[in-house]
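Using the hints, position chain B against chain A.
Protein chains in written order, with this note's numbering: chain A, 94 to 375; chain B, 4 to 337.
Hints listed in this document are in silico derivations from the structure and should not be mistaken for laboratory results. Check each hint, because a few of them may be wrong.
Restricting the straight-line Cα-Cα distance to at most 25 Å, the calculated cross-link-like pairs of lysine-lysine (BS3-like) are [as the list claims (entries may be wrong)]:
(1) B:K214 with A:K369
(2) A:K315 with A:K369
(3) A:K236 with A:K259
(4) B:K261 with B:K273
(5) B:K273 with A:K358
(6) A:K366 with A:K323
(7) A:K285 with A:K323
(8) B:K117 with B:K127
(9) A:K358 with B:K117
(10) B:K305 with A:K369
(11) A:K369 with A:K209
(12) A:K100 with B:K117
(13) B:K261 with A:K100
(14) B:K19 with B:K177
(15) B:K305 with B:K207
(16) B:K258 with B:K74
(17) B:K127 with A:K100
(18) A:K323 with A:K369
(19) B:K211 with B:K305
(20) A:K285 with A:K255
(21) A:K369 with A:K358
(22) A:K323 with A:K209
(23) B:K214 with A:K366
(24) A:K358 with B:K214
(25) A:K366 with B:K305
(26) B:K19 with B:K6
(27) B:K261 with B:K80
(28) B:K258 with B:K80
(29) A:K315 with A:K366
(30) B:K305 with A:K358
(31) B:K80 with A:K100
(32) A:K358 with A:K323
(33) B:K336 with B:K211
(34) B:K23 with B:K177
(35) B:K74 with A:K100
These stretches of chain A come out as covered by chain B in the derived footprint (C-beta under 8 Å, 3 or more residues) [as the list claims (entries may be wrong)]:
(36) 103–116
(37) 149–159
(38) 173–179
(39) 333–341
(40) 364–375
All C-beta atoms, glycine included, are put in the ideal place defined by N, C-alpha and C.
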Amino acid sequence: MCDHANKNIYLPYLTTVAEVIDETPDVRTLRLVFQDEQVRDSFSFRAGQFAEYSAFGAGEATFCIASSPTRTGYVECSFRSVGRVTEELRRLEVGDSMGFRGPYGNSYPIEEFYGKNLVFVAGGIALPPLRTLIWNCLDLRDKFGDITIVYGARTEADLVYKRELKEWQERGDVRLVKTVDPGGAGPEWDGKVGFVPTTLEETAPSAENAVALVCGPPIMIKFTLPVLEKLGFSDEQVYTTLENRMKCGLGKCGRCNVGNVYVCKDGPVFTAKQVKAMPMEF
Amino acid sequence: MQKYISQQNLNTLLDKLIAKGTRVVAPRMNAGIPLYEPLESSAKMVTDQLPRRSAKEAFFPVCEEIMSYEKEGQQVKLTDVDPARFPETVLVGVRPCDAAAIPVLDAVFSWDYKDEFFLERRRKTTVIGLACTTADDACFCTAVGLSPAETRGSDLFLTPLDGGGYACESYSEKGEALIADNGELFSEPDNSMPLPLAVPQADKVDLKKVKRWLDEHFEDPLWDGIAVRCVGCGACAFVCPACHCFDIVDEGTEKAGKRRKSWDACGFWKFTHHASGHNPRDLQPKRYRNRIMHKFKYYDDKFGQTLCTGCGRCVRICPVGIDIAAIVDEINKK
Numbered sequence: 094m095c096d097h098a099n100k101n102i103y104l105p106y107l108t109t110v111a112e113v114i115d116e117t118p119d120v121r122t123l124r125l126v127f128q129d130e131q132v133r134d135s136f137s138f139r140a141g142q143f144a145e146y147s148a149f150g151a152g153e154a155t156f157c158i159a160s161s162p163t164r165t166g167y168v169e170c171s172f173r174s175v176g177r178v179t180e181e182l183r184r185l186e187v188g189d190s191m192g193f194r195g196p197y198g199n200s201y202p203i204e205e206f207y208g209k210n211l212v213f214v215a216g217g218i219a220l221p222p223l224r225t226l227i228w229n230c231l232d233l234r235d236k237f238g239d240i241t242i243v244y245g246a247r248t249e250a251d252l253v254y255k256r257e258l259k260e261w262q263e264r265g266d267v268r269l270v271k272t273v274d275p276g277g278a279g280p281e282w283d284g285k286v287g288f289v290p291t292t293l294e295e296t297a298p299s300a301e302n303a304v305a306l307v308c309g310p311p312i313m314i315k316f317t318l319p320v321l322e323k324l325g326f327s328d329e330q331v332y333t334t335l336e337n338r339m340k341c342g343l344g345k346c347g348r349c350n351v352g353n354v355y356v357c358k359d360g361p362v363f364t365a366k367q368v369k370a371m372p373m374e375f
Numbered sequence: 004m005q006k007y008i009s010q011q012n013l014n015t016l017l018d019k020l021i022a023k024g025t026r027v028v029a030p031r032m033n034a035g036i037p038l039y040e041p042l043e044s045s046a047k048m049v050t051d052q053l054p055r056r057s058a059k060e061a062f063f064p065v066c067e068e069i070m071s072y073e074k075e076g077q078q079v080k081l082t083d084v085d086p087a088r089f090p091e092t093v094l095v096g097v098r099p100c101d102a103a104a105i106p107v108l109d110a111v112f113s114w115d116y117k118d119e120f121f122l123e124r125r126r127k128t129t130v131i132g133l134a135c136t137t138a139d140d141a142c143f144c145t146a147v148g149l150s151p152a153e154t155r156g157s158d159l160f161l162t163p164l165d166g167g168g169y170a171c172e173s174y175s176e177k178g179e180a181l182i183a184d185n186g187e188l189f190s191e192p193d194n195s196m197p198l199p200l201a202v203p204q205a206d207k208v209d210l211k212k213v214k215r216w217l218d219e220h221f222e223d224p225l226w227d228g229i230a231v232r233c234v235g236c237g238a239c240a241f242v243c244p245a246c247h248c249f250d251i252v253d254e255g256t257e258k259a260g261k262r263r264k265s266w267d268a269c270g271f272w273k274f275t276h277h278a279s280g281h282n283p284r285d286l287q288p289k290r291y292r293n294r295i296m297h298k299f300k301y302y303d304d305k306f307g308q309t310l311c312t313g314c315g316r317c318v319r320i321c322p323v324g325i326d327i328a329a330i331v332d333e334i335n336k337k
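For reference, chain A alone in the conformation it holds in the complex (with noise of 0.2 Å):
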């Protein structure tokens, strides 16, 4: 957590923008260096948080913090251009000022999945939130059973992280499924055609021991979760997050509430267990 005692608790860390990658035509990836020293060495997080990304001028953004914990020094956010201010960050360059505050919200309780049997499944640009937990697993590869990673997008264009993917796929003790809609791929396409619900199916990890991570579009989930259901997971076992719009991340602007439920403080991490009891509000 920040220390904010008696602070400002609106003021972002400054970073500089160290590396830019374009994950697909309108999805970017950014790595950030804090340019306080201290700061670079005593910053921690845990996976699944958020934070408040700023470009000066045009705002700030929220997005959850891509990379894992467990590769320190630096942090990355990955965001579609779809407004005003992922405009702007979408601007920077290396070396450019970029403002970050954060980490805010709760996180994977990843202690409670040592020695379980991990299942991802995402879709489309909702591989972030997970990437930040899955690297955080392969660096604590010892303490995780199998891992198996279901992941699809419309077409191969849209898939992210695909060096990542590619890496996944020759490690041998990642169980890679990717998957693109029907019509979205490409003449080289390695991977499945079809919805990813329908191939988690056709995947079917077991429930056993295992807990599933899933994140992706509103509709991906609501037909991820009966797939789950009929692989015998429990709503206790499937964990997701959700992305409501924030301004502050601290529990006080009061727009991120799904029912009393606050996205930024009680969550972005649920059970299914515990969105099925929230109102639909999200």
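Chain B only, in chain A's frame:
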């Protein structure tokens, strides 16, 4: 400690504070509209009208700078806001409904992360409440468990007396200190009686019962019925003493500018609009439901308090006549 202070001595006290450099904020007319604003003289204070907006802006301004930035090539310099710039303030002539909302707001601005913009002003402000001797049709403080003589949130509380002047009761160390520092202006209570208090007409509601109904009725035909006419102007939130939702926006050029925290309203469609185009509260009834839920359920779930003090401002200002008191009353009677 109960004391007496005459109107003349109250004016002398305020003028003395102003002369000393204390910011004295009180209801005054501004372009024909009563507002809580700084006084340059006690003569400007008006005590017979409810200000258009609440007293919360003495702690939580409509719009305030939270930092500034300057860019030089690839470097950015950030300048923090110095909390020392918040002046010592005496907020006087505060209506009980406005004063009672201040400790309610303490909860959200001080839990977990501390919002020093609010809290530092709070520490530096002495609140002098004033009992109400008149009420209009929209007043409903008594319906939500408060009263025209509610002292919650006041450091000193003034009750108008039939013989002129005020009975003055202290409720905090700040209040005691103000009396002690200006002892010559206060005297022992005399025999005059308080003027009759205002009598708001709304029936008392059982807030626990209202909350219980809200706990079970996120989906209910009531929401469509009451909010289909809402135009989403947000005026209700802007005049409310307890609404505290805000936006954070940058204002400036690519080279330099300020980041500001500005009042926002859950009635605006953009409030919860995602960059993807998805909006969890895509229709006005869903947004109005959030307003009622936040005030009478969510804030209670989280902080054990109700986010409404019955000032009636939202009822008076709503361009389509939505009456929150009537809605709460309707829920209470279910």
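Q. Of the hints stated earlier, which fail here?
A. 32
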